[in-house]
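Student: As a plain string of letters, each chain reads:
There are 2 protein chains.
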Amino acid sequence: MKSSLSIIKIGGNVIGNESELAKFLSLFSELDGLKILVHGGGNLATQIFKRMGVASQMIGGRRVTDKAGLEVITMVYAGLANKNIVAKLQANGCNAIGMSGADGNAIQAHKRPVKDIDYGFAGDVDGVDANLLSRLLGSGLTPVFCAMTHDGKGQLLNTNADTIASELAIGLSGMYETTLYYCFEKNGVLRNIWDERSVIEHIDPEIYQELLNQGTIADGMLPKMTNCFHALKNGVAKVCIGNTIMLAQNENPYTTLTL
Amino acid sequence: MKSSLSIIKIGGNVIGNESELAKFLSLFSELDGLKILVHGGGNLATQIFKRMGVASQMIGGRRVTDKAGLEVITMVYAGLANKNIVAKLQANGCNAIGMSGADGNAIQAHKRPVKDIDYGFAGDVDGVDANLLSRLLGSGLTPVFCAMTHDGKGQLLNTNADTIASELAIGLSGMYETTLYYCFEKNGVLRNIWDERSVIEHIDPEIYQELLNQGTIADGMLPKMTNCFHALKNGVAKVCIGNTIMLAQNENPYTTLTL
Numbered sequence: 001m002k003s004s005l006s007i008i009k010i011g012g013n014v015i016g017n018e019s020e021l022a023k024f025l026s027l028f029s030e031l032d033g034l035k036i037l038v039h040g041g042g043n044l045a046t047q048i049f050k051r052m053g054v055a056s057q058m059i060g061g062r063r064v065t066d067k068a069g070l071e072v073i074t075m076v077y078a079g080l081a082n083k084n085i086v087a088k089l090q091a092n093g094c095n096a097i098g099m100s101g102a103d104g105n106a107i108q109a110h111k112r113p114v115k116d117i118d119y120g121f122a123g124d125v126d127g128v129d130a131n132l133l134s135r136l137l138g139s140g141l142t143p144v145f146c147a148m149t150h151d152g153k154g155q156l157l158n159t160n161a162d163t164i165a166s167e168l169a170i171g172l173s174g175m176y177e178t179t180l181y182y183c184f185e186k187n188g189v190l191r192n193i194w195d196e197r198s199v200i201e202h203i204d205p206e207i208y209q210e211l212l213n214q215g216t217i218a219d220g221m222l223p224k225m226t227n228c229f230h231a232l233k234n235g236v237a238k239v240c241i242g243n244t245i246m247l248a249q250n251e252n253p254y255t256t257l258t259l
Numbered sequence: 001m002k003s004s005l006s007i008i009k010i011g012g013n014v015i016g017n018e019s020e021l022a023k024f025l026s027l028f029s030e031l032d033g034l035k036i037l038v039h040g041g042g043n044l045a046t047q048i049f050k051r052m053g054v055a056s057q058m059i060g061g062r063r064v065t066d067k068a069g070l071e072v073i074t075m076v077y078a079g080l081a082n083k084n085i086v087a088k089l090q091a092n093g094c095n096a097i098g099m100s101g102a103d104g105n106a107i108q109a110h111k112r113p114v115k116d117i118d119y120g121f122a123g124d125v126d127g128v129d130a131n132l133l134s135r136l137l138g139s140g141l142t143p144v145f146c147a148m149t150h151d152g153k154g155q156l157l158n159t160n161a162d163t164i165a166s167e168l169a170i171g172l173s174g175m176y177e178t179t180l181y182y183c184f185e186k187n188g189v190l191r192n193i194w195d196e197r198s199v200i201e202h203i204d205p206e207i208y209q210e211l212l213n214q215g216t217i218a219d220g221m222l223p224k225m226t227n228c229f230h231a232l233k234n235g236v237a238k239v240c241i242g243n244t245i246m247l248a249q250n251e252n253p254y255t256t257l258t259l
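These protein sequence lines are chains W and S, in that order.
Mapping to the UniProt record's numbering: the first sequence position 118 is 118, numbers consecutive.
Mapping to the UniProt record's numbering: the second sequence position 128 is 128, numbers consecutive.
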């Protein structure tokens with residue numbers, strides 16, 4: 001039987017909020033078994049963009065990354081956010097090791113080809129080095145990935161944190177029973193977006209089709225769902241979506257997706 | 001017989017100078033055997049301090065690190081400088097992994113006690129996890145350390161890069177025959193500071209005493225020498241001081257220190 005591995009993507013709303021981050025890191029540290037954390041830069045990135053006087057353009061929820069923007073992202077994601085998280089996990093007794101996709105060549109990617117939109121230094125993932133990660137996990141380390149990859153030719157690339165989490169979960173599903181956790185600001189996938197108590201606790205492809213037909217799932221939740229089912233179809237055992245509190249495995253409801 | 005391990009501290013003048021850095025990283029990649037790179041932030045840090053509007057105070061060649069300064073240092077050392085070096089080494093076929101002392105709890109330190117001067121968030125090293133580093137080296141990885149440590153209680157600390165290099169070399173000398181390389185802007189320890197051809201090729205404690213008596217070694221070179229002999233007295237096999245070109249092991253002279 002394969003060991004279990006949890007891949008947890010932390011929400012952007014938690015990064016840069018000191019008390020929320022501390023709460024999350026405490027829950028994460030207490031989580032049993034092998035685990036990997038994935039984060040972006042959240043509000044922290046927005047703040048530093050402003051302070052450095054670097055303009056930041058978003059198209060369809062994705063950042064357009066020019067040379068100056070990539071510098072800021074490298075500083076905030078791989079530096080400020082990553083090292084503070086690692087130092088705090090260490091204080092909680094979790095032996096974290098901060099990484100980008102360039103470190104140990106863990107995640108290779110290529111610059112997104114320009115079609116209608118030029119996203120600049122944005123990376124689409126080619127593959128994950130499961131052997132490297134398995135060696136790190138096996139020696140008691142907990143990898144903490146910031147949302148950056150590289151192209152193997154010396155270029156760092158800004159890469160969507162949700163995608164990094166799902167690619168890690170897929171890439172490691174041959175060696176581990178992987179569960180993917182997406183933490184965000186809501187309690188889960190909601191029937192009524194204005195009612196936090198309307199969490200849909202289980203979604204499979206059939207239920208998903210019904211929800212789509214009813215128009216219950218739309219807008220920002222659509223790419224998230226596509227990403228989740230992509231992961232499930234490629235070997236990931238389970239995807240969970242909810243507030244950070246779902247990691248406590250208490251009675252608060254959250255959404256679980258399976259095939 | 002113990003395997004050889006080279007610990008190379010890159011000069012601040014090289015970081016932030018794209019062509020010099022590329023030259024150095026190419027030499028570093030071609031270096032045979034196990035190796036570890038150590039870097040600070042150099043000019044790059046000074047530039048970002050300015051752009052962020054954060055004041056930076058230096059006392060006796062050491063930076064006083066307040067909260068805002070620590071943020072900038074974390075962004076530049078662990079983010080911008082470290083990840084660019086790692087991505088470029090990967091492009092050269094060197095399987096680099098970027099680290100701070102917090103990552104994997106590799107280097108623990110404590111905040112420097114306040115005596116006459118309060119250096120703020122400056123760290124004095126307590127110890128190095130040689131087993132972790134040996135596992136990383138043994139699996140084909142080349143650690144690249146930025147000049148940061150942590151106190152194990154969640155606090156990152158700015159730590160002198162020369163010190164990190166010597167502590168790594170000392171800490172690993174039980175498992176490896178360690179050679180410490182200090183790359184800086186000069187060809188080595190010079191008899192005449194204005195003459196780059198006046199390199200003193202070998203220094204041992206006896207010669208060092210003579211040079212001190214003659215007043216040949218003074219000012220900025222004194223703490224560097226103290227640091228070198230401290231390393232030698234604690235298990236390091238050899239210390240080399242010179243321009244990056246010394247890594248090419250060609251005929252250019254540089255300074256070697258032994259006991």
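If you are wondering where the hints come from, they were derived from the structure by calculation, not from laboratory data.
Mixed in with the good hints there might be a few duds.
No copy labels: a pair is met if it fits in one copy or bridges any two.
[What the hints assert, rightly or not] No farther apart than 20 angstroms at their CA atoms in a straight line, the calculated lysine to aspartate or glutamate pairs in the DMTMM-like style are these: (1) Lys-153 to Glu-20; (2) Lys-153 to Glu-30; (3) Lys-23 to Glu-206; (4) Lys-50 to Glu-210; (5) Lys-115 to Glu-201; (6) Lys-50 to Glu-71; (7) Lys-233 to Asp-126; (8) Lys-2 to Glu-196.
Computed from a predicted model, the values in this text were never measured in an experiment.
Student: Now, for every hint given, state plainly whether the structure supports it.
Tutor: Status of the hints after comparison with the structure:
1. In this homomeric assembly, Lys-153 and Glu-20 come within 20 angstroms of each other (Cα to Cα) only across copies, at 18 angstroms, whereas the closest approach inside a single copy is 37 angstroms.
2. In the homo-oligomer, the alpha carbons of Lys-153 and Glu-30 lie at most 20 angstroms apart only across protomers (17 angstroms), although the nearest pairing inside one protomer, at 38 angstroms, exceeds that limit.
3. In this homomeric assembly, Lys-23 and Glu-206 never come within 20 angstroms of each other (Cα to Cα): the closest approach is 35 angstroms inside a single copy and 58 angstroms across copies.
4. With identical chains, the CA atoms of Lys-50 and Glu-210 are never at most 20 angstroms apart, being 43 angstroms at best within one copy and 56 angstroms at best between copies.
5. In this homomeric assembly, Lys-115 and Glu-201 never come within 20 angstroms of each other (Cα to Cα): the closest approach is 38 angstroms inside a single copy and 58 angstroms across copies.
6. For the identical chains of this complex, Lys-50 and Glu-71 are neighbours both inside a copy (13 angstroms) and across copies (15 angstroms), given an alpha-carbon limit of 20 angstroms.
7. In this assembly of identical chains, the alpha carbons of Lys-233 and Asp-126 lie at most 20 angstroms apart only when taken from the same copy (17 angstroms versus 48 angstroms across copies).
8. In the homo-oligomer, the alpha carbons of Lys-2 and Glu-196 never lie at most 20 angstroms apart, since the shortest distance is 35 angstroms inside one protomer and 61 angstroms across protomers.
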